[in-house]
Amino acid sequence: MNTIHKIIGTWALPLLVVSGVLLAGCQNGQQIGSSDDAASKVYVAPGEHDEFYGFFSGGYNGQLGIYGLPSGRHLFTVPVFSQAPVNGYGYSEETKAMLNTSHGFVPWGDAHHPELSQTNGETDGRWIFINENNTPRVARIGLDDFKTQEIIEIPNSAGNHASPFVTPNTEYISAATRFSIPMDDKDMQNMDVPIDSYKENFRGTLSFIKVSDKGKMNIDFQILMPGFDYDLSHAGKGPSDGWSFFTSYNSEEANTLLEINASKNDKDFIAAVNWKKAAEYVKQGKGTMMPGEHVRNYIDHEEGGIAKSETIEEVRVLDPRKLDGLVYFLPTPKSPHGVDVDPSGKYIVAGGKLSTVIPVHSFAKMKKAIENEEFEGEVMGVPVLNYDSILYGEVENPGLGPLHTEFDGKGNAYTTAFISSEIVKWDIEKTEVVDRINTYYSPGHLMIPGGDSQKPDGKYLVALNKITKDRYLPTGPEMFHSAQLIDISGEKMKLLLDFPTEGEPHYAQGIAAEKVIENQKRFYKLEDNGHPDAITSEKQARVERDGNEVHIYMTAIRSHFTPDNIEGVKVGDEVYFHITNLEQDWDVPHGFAIKGANNAELLIMPGETLSFKWEPQKEGVFPFYCTDFCSALHQEMQGYVRVSPKGSDVEIAYGTGQ
Amino acid sequence: MASVLFVGCGGSGNGDQASDQSSQENENGLSSFEQKNGIGPVTEKLDLGEIDKELAKKGQNMFETKCSACHKMDERYVGPQLRNTTEERTPEYVMNMILNPAEMVKKHPEAKKKLAEFMTPMPNQNLSQEEARSIVEFLRYMNKNQDVDEI
Amino acid sequence: MSKKNRLWMALASLMLILVYFFPLWGISMEAPQYPEGIGMNITVNDITGKEPHDLGNINGLNHYIGMKAITPDSIPELKIMPYIFAFLIATGLMIALWGSRKWIVVWLGLFVLLAIAGLVDFYIWGYDYGHNLNPNAPIKVPGMTYQPPLIGSKQLLNINATSLPHIGFYVALISMGIASMVWWKEGKTDDGGKSEKTMNNNTRKAA
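Residue numbers (the working numbering), protein chains in the order written: chain A, 1 to 658; chain B, 1 to 151; chain C, 1 to 207.
To be clear, the hints were calculated from the coordinates, so they are not data collected in a lab. Certain hints may be false.
Listing some non-contacts, in silico: residues in chain A with all C-beta distances to chain C over 10 Å [claimed, not checked]:
1) L75
2) G238
3) D300
4) G411
5) R558
6) G647
Taking lysine-lysine and the BS3-like style, the derived pairs with C-alpha atoms no more than 27 Å apart in a straight line are [claimed, not checked]:
7) B:K112 with A:K264
8) B:K114 with A:K469
9) A:K425 with B:K113
10) B:K106 with A:K492
11) C:K3 with A:K539
12) B:K72 with A:K425
13) A:K595 with A:K570
14) A:K466 with B:K114
15) A:K469 with B:K107
16) A:K525 with C:K50
17) B:K107 with B:K45
18) A:K455 with A:K365
19) B:K66 with A:K469
20) A:K469 with B:K45
21) A:K277 with A:K214
22) B:K72 with B:K144
23) A:K264 with B:K72
24) A:K492 with B:K66
25) A:K41 with A:K494
26) B:K106 with B:K72
27) A:K525 with A:K539
28) A:K521 with C:K50
29) A:K214 with A:K147
30) A:K308 with A:K525
31) A:K469 with B:K106
32) B:K53 with A:K469
33) A:K267 with B:K114
34) A:K216 with A:K492
35) A:K492 with A:K430
36) A:K210 with A:K41
37) B:K36 with B:K144
38) B:K36 with A:K425
Please read all numbers here as calculations on a predicted model, not as lab measurements. No residue lacks a Cβ here, since even glycine has one placed at the ideal position from N, Cα and C.
Work out the full structure: start from the sequences and follow the hints.
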């Protein structure tokens, strides 16, 4: 009896859904994906965990969004390149320096491409890197505490778009100029020249950032390039390990109305860089040390958790006109955007966004063409290989505006077609389209967990759509971007889920959750707190005056601050609250805010010390309180600072519970 | 099951809320009227008469704010040049292209060709029928007066 | 005492060394906010959290109801207990060496008395912590006390506290058991064949 009920139970709903579709007719074609079957595939029951972490760049919010897959639940946002009032990142005394650049403090960034660290060509869950496009930078985020640990600026660059793509053992990450800029041949400096002297003066650079075992980044070398726009990149793997590929457009070297003027040539180039050779040249001391002022900021919780900035004045530059075998150009149709290397490392796929085919280059053929010097020209010392000598095949009818490709590890590639708003699945060896699915609307990147590594998890694909329109309840003219989860486990792709994403995710990366969970920090150990202004017990709480600086060493624990009554502060003082959260339990942060502060709140994790600067403008008594609902007596977690007029003789006094 | 249904709906079941007004269809799924005059709100032949300069002038203002960022008269720009458009296309086609571009570039063979050539889909600028009509008048004027750039 | 039984008695004493490595008693607590549980262990000389920071967190929770902080340093029994066990080990070994059945009873009696005293002491401490509350506590529930159960589970507001013996306590029990067995076996060998018969009868009956 029971079994029969169960069978009827499980079949009743799909039948209803199917008949609903039939009734609604073909107009609702787009809804068919959201059948009961799809619902069960993305359903993660309360208390259960998702199978994958999805790391979505925040685009113009400058942050990194963390989503669970397949549920599409938004789990967290890591502040990276933009100040985050939500927790005080970029405001607190400890984190301000993370946003230092050679242009001074930059409070905002445009984050495009998250890239997981890899070991042996496989994502390893140590770090995730992300680029900043506007003021060229690359950040490293630790996957142990989901915090930005390091940001390095890229000198001699503008529009750091082709970044940060890793080599199979995270030896290097890439950074290239999307905008070429005038560079003096002698000292690489940006020049005050007429913009229409572009062809003569403008240059690009491809930078290689070395990553140490502990994650520390430094710019090992830059390669000076013709003044094209370098768009995207991927490192070779397997047989092509040792090479990196960068797409370029605007080989016309136009400086105005690129929409038209950079779309004229039938072919632009993919730059193939032999980075192993470059690294050898560097070892031999070749290339030239050039001025290249850039700032590196890093924060280490074991070393006190205070961001430090250092300025590096020079960078090594390799010039392909002087060093052989460094770079080759692979002619590629019509302003290629993405360049993706399949898991076998044998094929290099270009997304020629204005092209009607997807060209697939063969790495083996490329090597042969280099050996046989099958060149059809040279640009600024870079040999241009013969298109027909390197081409493996062209995928016909891939949709309009092909942009990006990822792989499932089962011999298939998946390419987004922006203009025709679809994802096209094709067989890599046969270069033949085998399936296609509409997306809503206009996908830019797509993501398969591990889909750009040697070991993809070919179960789900996420389309990162650029246009949302009517997919959700309307929110006025501005709305979140739409991501779509597609099941790629079978022969046919199936649309499972729409979910909105914060900012404008350009690219995303995914990783099996278990690779990340095992390294998770739950709180910082008080005994390891190396912050110079930390106090580890209430007994050490105190207020000290040093000229017009007042330092308040404060503790926070459920549900009080110590001290919570402070007097003797005067108008014109610079007041620093150094607050240590004494909790040693998971998920018990305390917040701190004080009335009228021209600043953001602090959100202090258990065992952490953060500092808040306050310059009181008026006399009176100012309340402060905990902003994170920490306990049943959270509303009681508050205090007062008395501010007296300048020159008043009120002495410093403080306490809690007296 | 779902995929079978999907195919059953025709390869490009793309969820456009198509206004279905055709009775006889040819191989494109378009009626012969649509084939010639485009798909959109203009479903009947218009009676144009002589060029109305007043209306063309209104059309020019409209063109400058809503169209000229992408279209020029005599030169390929983001979109095609328009000097002789009224000779190549019916006025109804031009209006439907203005008023219903998303569906046009998806379904109409001529509009599809143009999209493949220019790669930037024409956006919907949300004009009224009267405004679109005034642009037709402006384009007719520009076609008749080949050497002028404005009225 | 036979050589075999002397070895058994030595084992009963020596195994008490394990008490220094495993907790004697454990109290674990469950609450919705602690999905993975939180708890503390009582060892021969200390009270520790089941996870490194549990004790601090328990004290943090307890301050709401006005319970004193549990600070191992302020509990003198924890300083004495290691010596008590050292004494039991040493005397047990001496008995094994000496081979006196009579002294086993004395040793056992002392052991049992100490164990009971320990439990009573534990109860008194529990009573003190649970009843002797700060009158200015933020949370005061009229008539509510927070004494943890001596053994078993008890719901204390939102927390379900379970108090159970831990490995060390079971080690002590087994040690007592072995010593009792030695005493009993020796009793039979002292009486010669007579008691062997009884045993045979007993075994038959049991079968």
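Here is what the structure says about each hint:
1. The non-interface label for L75 (chain A) is consistent with chain C: the shortest C-beta to C-beta separation is roughly 17 Å, beyond 10 Å.
2. The beta carbon of G238 (chain A) sits about 42 Å from the closest Cβ of chain C, which is more than 10 Å, so the claim that it is off the interface holds.
3. The non-interface label for D300 (chain A) is consistent with chain C: the shortest C-beta to C-beta separation is roughly 22 Å, beyond 10 Å.
4. With 10 Å as the threshold on Cβ separation, the claim that G411 (chain A) sits away from chain C holds: the shortest Cβ distance comes to roughly 43 Å.
5. Interface exclusion of R558 (chain A) from chain C breaks down, the closest Cβ pair being 6 Å apart, not more than 10 Å.
6. Consistency note on G647 (chain A): stated as away from chain C, and its beta-carbon is indeed over 10 Å from all of that chain's, at 39 Å minimum.
7. Proximity of K112 (chain B) to K264 (chain A) is assessed by CA-CA distance (about 21 Å); at most 27 Å being required, the pair is judged to hold.
8. The suggested pairing of K114 (chain B) with K469 (chain A) holds, with an alpha-carbon distance near 24 Å, which does not exceed 27 Å.
9. Taking the CA atoms of K425 (chain A) and K113 (chain B), the gap is about 24 Å. The hint holds against a cut of 27 Å.
10. Note on K106 (chain B) and K492 (chain A): the hinted pairing holds, with a Cα-Cα distance of about 23 Å set against a maximum of 27 Å.
11. A hinted pair counts as satisfied when its Cα atoms are at most 27 Å apart, and K3 (chain C) with K539 (chain A) does not qualify at roughly 61 Å.
12. Distance restraint check for K72 (chain B) and K425 (chain A): the Cα-Cα separation of roughly 38 Å exceeds the 27 Å cut-off, and the hinted pair is therefore not satisfied.
13. Between K595 (chain A) and K570 (chain A) the alpha-carbon distance is near 15 Å, which keeps this suggested pair within the 27 Å criterion.
14. For the hint pairing K466 (chain A) with K114 (chain B), the CA-to-CA distance comes to about 22 Å; that is within 27 Å, so the pair holds.
15. About 20 Å separates the Cα atoms of K469 (chain A) and K107 (chain B), which keeps this hinted pair within 27 Å; it holds.
16. At most 27 Å may separate the alpha-carbon atoms for a hinted pair to count; K525 (chain A) and K50 (chain C) meet this at roughly 16 Å.
17. Of the supplied pair hints, the one linking K107 (chain B) and K45 (chain B) holds, its CA atoms being roughly 20 Å apart against a limit of 27 Å.
18. Restraint check for K455 (chain A) and K365 (chain A): the C-alpha separation of about 24 Å stays at or below 27 Å, so the hint holds.
19. A C-alpha spacing of about 21 Å is found between K66 (chain B) and K469 (chain A), which places the hinted pair at or below 27 Å, so the restraint holds.
20. At roughly 32 Å between alpha-carbon atoms, K469 (chain A) and K45 (chain B) are farther apart than 27 Å, so this suggested pair is violated.
21. About 24 Å separates the Cα atoms of K277 (chain A) and K214 (chain A), which keeps this hinted pair within 27 Å; it holds.
22. Between K72 (chain B) and K144 (chain B), the direct Cα distance comes to roughly 16 Å. Compliance with the 27 Å bound is thereby established for this hinted pair.
23. Simply put, K264 (chain A) and K72 (chain B) have alpha-carbon atoms about 18 Å apart, close enough for the 27 Å limit, and the pair holds.
24. Using a Cα cut-off of 27 Å, the hinted pair K492 (chain A) and K66 (chain B) is violated, with the two alpha carbons roughly 42 Å apart.
25. Among the hinted pairs, K41 (chain A) with K494 (chain A) is consistent with the structure: their alpha-carbon atoms are about 11 Å apart, no more than 27 Å.
26. Restraint check for K106 (chain B) and K72 (chain B): satisfied, since their Cα atoms lie roughly 24 Å apart, inside the 27 Å limit.
27. A C-alpha spacing of about 19 Å is found between K525 (chain A) and K539 (chain A), which places the hinted pair at or below 27 Å, so the restraint holds.
28. Restraint check for K521 (chain A) and K50 (chain C): the C-alpha separation of about 18 Å stays at or below 27 Å, so the hint holds.
29. A distance of roughly 15 Å separates the Cα atoms of K214 (chain A) and K147 (chain A); the hinted pair therefore holds under the 27 Å criterion.
30. As the CA atoms of K308 (chain A) and K525 (chain A) are separated by approximately 21 Å, the hinted pair is consistent with the 27 Å bound.
31. With a C-alpha separation of about 17 Å, the suggested pair K469 (chain A) and K106 (chain B) falls inside the 27 Å cut-off, and the hint holds.
32. This hinted pair does not check out: K53 (chain B) and K469 (chain A) have alpha carbons roughly 38 Å apart, beyond 27 Å.
33. With a CA separation close to 21 Å, the supplied pair K267 (chain A) and K114 (chain B) stays within the 27 Å bound.
34. Proposed proximity of K216 (chain A) and K492 (chain A) is contradicted: the alpha carbons are some 43 Å apart, above 27 Å.
35. Using a Cα cut-off of 27 Å, the hinted pair K492 (chain A) and K430 (chain A) holds, with the two alpha carbons roughly 17 Å apart.
36. Taken as a hint, the K210 (chain A) and K41 (chain A) pair is broken in the structure, with Cα atoms around 40 Å apart against an allowance of 27 Å.
37. With a C-alpha separation of about 22 Å, the suggested pairing of K36 (chain B) with K144 (chain B) holds against the 27 Å cut-off.
38. A distance of roughly 35 Å separates the Cα atoms of K36 (chain B) and K425 (chain A); the hinted pair therefore is violated under the 27 Å criterion.
In terms of the numbered hints stated before, the structure departs from hints 5, 11, 12, 20, 24, 32, 34, 36, 38, listed from lowest to highest.
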